[in-house]
Amino acid sequence: MSLGKFENVGAFVRDCRNGTLLYDEACLEVITSETVTFWSQYEECEGCKLVLTKTLETTGEIVLKTLSPVHYAVKNGNGQICNGTYLFGEFGQYTLNLTEATKEECLPRMKAEPDAAHLPILTAVVVLLAMATLWYIVKGIGKRLLTHSFVANYFNREDNELGSETRVLTAEVSAPRAPTRSRLRSLDIFRGFCIALMIFVNAGGGGYAIFSHSTWNGITVADVVFPWFAFAMGEALVLSLNARLRTSLPRTTAFYQVARRALLLAIIGIILGAVNVSWAHVRLPGVLQRLAAMYLVVGALECVFMPTSQNITPGRSLFRDIAAGWRQWLATILLVTVQVCVTMLVAAPNCPRGYVGPGGLHMSAYGQDLRGCTGGIAGYIDRVVLGASHLYKRGSFRILYAATVAFDPEGLLGILSGVLVVQAGAHATRIMLAYNHARARIMRWVFWSIIFGVTGGALCLFSKNGGPIPINKNLWSLSYCLVTSSMALFIQAVLYFIVDLKNKWGGRPLYYAGQNALFLYIGSELLKKHFPFYYSVPAPTHAQLLATHAATMLLWLAVGVALYKRRIFITL
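Under UniProt numbering, the residue at position 268 of the sequence shown is numbered 268, and the numbers go up by one with no gaps.
If you're looking for bench data, these hints aren't it; they were derived computationally from the structure.
A hint or two may mislead.
Claimed, not checked - Subject to a maximum C-alpha distance of 30 Å in a straight line, what follows is the list of computed DSBU-like cross-link-like pairs (lysine-lysine):
no., residue 1, residue 2
1, K65, K464
2, K49, K393
3, K143, K565
4, K54, K65
5, K65, K75
6, K75, K111
7, K565, K528
8, K528, K65
9, K65, K393
10, K464, K139
11, K504, K565
12, K143, K504
13, K529, K65
14, K111, K49
15, K143, K49
16, K464, K49
17, K393, K528
Said to hold, decoys possible - Label pairs and their in silico Cβ distance ranges:
no., residue 1, residue 2, range
18, S463, L263, 32 to 42 Å
19, K504, A551, 26 to 36 Å
20, N78, L526, 56 to 66 Å
21, G367, L263, 40 to 50 Å
22, S463, S248, 48 to 58 Å
23, P538, A388, 29 to 39 Å
24, R327, L249, 14 to 24 Å
25, P532, L263, 25 to 35 Å
26, T99, P538, 28 to 38 Å
From the three backbone atoms N, C-alpha and C, an ideal C-beta is built for every residue, glycine too.
Start from the sequences and build out the full structure, keeping to the hints where you can.
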């Protein structure tokens, strides 16, 4: 078969080993005249030894993943023939001719070009930006040039309904008055953005690695969604409690309301994870359970220590936000310190002290046996307290590292460090309540964003696997919490400037989704395997997956729009 026949047809040539290549897969044909063994390992697998991939008695084909460079070696009865490292492309067709290979040169040759795997997502971004730009251009022209009463009334109604006129909260330093219920529009937009991204990621994110959770260390788009939502929850918590306590609501009553909501969140989370399983295997930790625990801790601290508006004095204006929240921050720092000390100083049985790796094959290339150490002490605590059968059963690290020990990314120890993210959101609202001027608010949000970001980066030495505390979503490491909080603070500052201060963007339809964010998340989890929110595509490509997963997100955004238009707001 000539090379010319395969030119630029990576999207069409998907046959390999009498089957069809899936997305993020390539086909390697090994040409040999003797029996050989092919050993391989992905570079993503830190410190992992090569494992036997396939034994070939004659020329044959091997399917390999394309998300990471592959270390490989070929051996025969006399030892190693050759080895190498190569990054394969999606749907690419490659040949490794062992009859010509030497130990110095053992690289595959491309016989069919790989697909442009990232072209669909780039196209989607361009199309969405073009549609948004076109809409605002058309709307602007309509406002300026069309004077027909129907058109004018339509655009005016749009602005009035969608709240283009900003309602900005201010802190009171004089005698309190009866407060009016007010929402920060940028908060709802941020929350709507988080829930839309969360739905897209949970649907599959088009099969792209950037929209999938990191295998272990590192950070992707999928990894920031949960802490961003927790950050927004902290913002809304302080906003709500401040309004209630200003009406002389007893703090015990406020705590009861917080505890009730946390309990309902946890129960709903357990129910969502109890589909088609017996109680003996129900997953006890989970996203909503983690949110509930962090919400309860921060809510309790606010119920005890939050000053009412009449306690805010004009003095020490430079540190007014810190004065209003230093007790809460002190408690948060203590909890984070406990998490770090337990993680670094307490060793799980038969594991090194301070180990925070995925176990399995991790560091096996250096002779270490860490197969029972997945998650270090955090994983061990969950297995002892909750039971291995009640923990998460999946995870990409299990496949890559061949880990067999139970581990849950929403485990108990991570709650302590996760409180920092919710507390950061609470402090963002504290800044808004303590200062009247937009400049003071934005400067402080950006200041704390820089402090958190630099500190988190220093803990991991601004690298993936370096530093004393690498960024790790599975463990909710301190660096991970600091970096994601930094991002959220910066986004809050930008949205506040664009939306609430300058009125340059209404945030539609994210604003609608933010009004019922929790309902949309629960609904998407309940119906994620039901039509029209899900439909199967045999042997899909990234383009097909992107279309189906984006459609799922858009359908749920449409649900959010419908609920808002009917003035239906579902809360706990």
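Of all the hints numbered above, which does this structure not satisfy? Sort the numbers upward.
10 and 15
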